[in-house]
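Participant: Using the hints, position chain B against chain A.
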Amino acid sequence: MEESLKQILELSLTLLMLGGAVCACVFKDLLNAVIAGAFVSLMAAILFYVLQAPDVAMAEASIGAALTTAIFVIAIKKTKRFEEE
Amino acid sequence: MRIVISCALLIILSLGLVFALEQAPLGSNHIDKKDKPGRYYLDQGMEKTGAANVVTSVVVTYRGFDTLGEVTILFIAAIGLGAVLYSRKKEKRDQKEKPSASLILQTGCRFLFPLIVLFGTYVFIHGHLSPGGGFQGGVIIASAFLLLFLGCKEKKIPMKSMNAVESLAGIIFVGIGLAGLYWGGSFLENFLPRGMPHMLLSGGVIPIIYIAIGFKVGAELAGIVAGLIERNP
Numbered sequence: 006m007e008e009s010l011k012q013i014l015e016l017s018l019t020l021l022m023l024g025g026a027v028c029a030c031v032f033k034d035l036l037n038a039v040i041a042g043a044f045v046s047l048m049a050a051i052l053f054y055v056l057q058a059p060d061v062a063m064a065e066a067s068i069g070a071a072l073t074t075a076i077f078v079i080a081i082k083k084t085k086r087f088e089e090e
Numbered sequence: 021m022r023i024v025i026s027c028a029l030l031i032i033l034s035l036g037l038v039f040a041l042e043q044a045p046l047g048s049n050h051i052d053k054k055d056k057p058g059r060y061y062l063d064q065g066m067e068k069t070g071a072a073n074v075v076t077s078v079v080v081t082y083r084g085f086d087t088l089g090e091v092t093i094l095f096i097a098a099i100g101l102g103a104v105l106y107s108r109k110k111e112k113r114d115q116k117e118k119p120s121a122s123l124i125l126q127t128g129c130r131f132l133f134p135l136i137v138l139f140g141t142y143v144f145i146h147g148h149l150s151p152g153g154g155f156q157g158g159v160i161i162a163s164a165f166l167l168l169f170l171g172c173k174e175k176k177i178p179m180k181s182m183n184a185v186e187s188l189a190g191i192i193f194v195g196i197g198l199a200g201l202y203w204g205g206s207f208l209e210n211f212l213p214r215g216m217p218h219m220l221l222s223g224g225v226i227p228i229i230y231i232a233i234g235f236k237v238g239a240e241l242a243g244i245v246a247g248l249i250e251r252n253p
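Just so you know, the sequences run in chain order A and B. Start counting the first sequence at 6; every next residue gets the next number (the numbering used here). Start counting the second sequence at 21; every next residue gets the next number (the numbering used here).
If we strip away everything but chain A, and leave its shape as in the complex, we get (with noise of 0.2 Å):
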């Protein structure tokens, strides 16, 4: 039973995951893009620390979620918002 629950909350993540990055692939909006790929950050590391790896998991929430984010508004907002054509 814990077993199967663990293997849902898995393929949750890992489907959560993928539509993050079909999302930050899709969006015209870069602001919206960078967000979405924090997210698929953050489900990353709760993934990780999930198959016990808390070593992984810190590492990637505070450079994947945190810092990347960070740099990529900060880049944005100095340059341009929207995708163009």
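These are calculated hints, taken from the structure and not from any lab test. Glycine residues also receive a C-beta, built at the ideal position from the N, C-alpha and C atoms. Each statement offered as a hint is correct.
Label-pair ranges, simulated between beta-carbon atoms:
(1) B:L37 / A:I13: 24 to 34 Å
(2) B:L125 / A:F87: 25 to 35 Å
(3) A:I13 / B:N252: 45 to 55 Å
(4) B:I93 / A:A26: 19 to 29 Å
(5) B:E42 / A:I13: 18 to 28 Å
(6) B:G195 / A:S17: 42 to 52 Å
(7) A:L20 / B:A184: 39 to 49 Å
(8) A:A80 / B:A121: 15 to 25 Å
(9) B:L30 / A:L20: 13 to 23 Å
(10) B:T92 / A:A26: 27 to 37 Å
(11) B:L105 / A:L14: 33 to 43 Å
(12) B:G58 / A:A26: 28 to 38 Å
(13) A:S17 / B:A44: 17 to 27 Å
Calculated lysine-lysine pairs in the DSS-like style (CA-CA distance at most 30 Å, straight line):
(14) B:K173 / A:K82
(15) B:K176 / A:K83
(16) B:K173 / A:K83
(17) A:K11 / B:K56
(18) A:K85 / B:K173
(19) A:K33 / A:K83
(20) A:K85 / B:K176
(21) B:K180 / A:K82
(22) A:K82 / B:K175
Facilitator: Chain B in isolation, oriented as in the chain A frame:
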């Protein structure tokens, strides 16, 4: 036509992947086999290195040279970003009046900054005992500096001393490696006494290396963020 060709190529590629990976024992238990390195690290890592966190013992001692390479890659990336973002028009920035943040935001930033730095320091000092380590703690410290850059714009961060800290931490890392070569027989050898596992002063050179990495990564990433924020489009 292009869509049809790309779809056909995609189907062929995925079929090939399926046939190739059908026989691979993905997800099987590799750890319990006796001759695999994973079992060796789990059985003897704590005894031989003195670090309670096995991941740290692998990252800093067994694959310490790999970690040195990672730190070097980050250093080169920071140098490259600094070269791209460098501009001589520093005076122009000061003429433009920036709206300063509100009192509540500034006070909050000043209150939170030491707490975040303290947490990052905890993460890398306890790297050999609990999850975390130099990279994670350094990034947490860099995010504290990011908060300071965003919240209190008038607060100046001495970039020269940050660069000095970064260089000193790198020199300490390589120096410990060379000291291991001299006293222990190989580069990055753990030449200090191991001590009792699960104590703060254990693991030989592991805490020293992680403190050096924490300072280096924190100073480097804070420098990257500062360079990005100060650059005018």
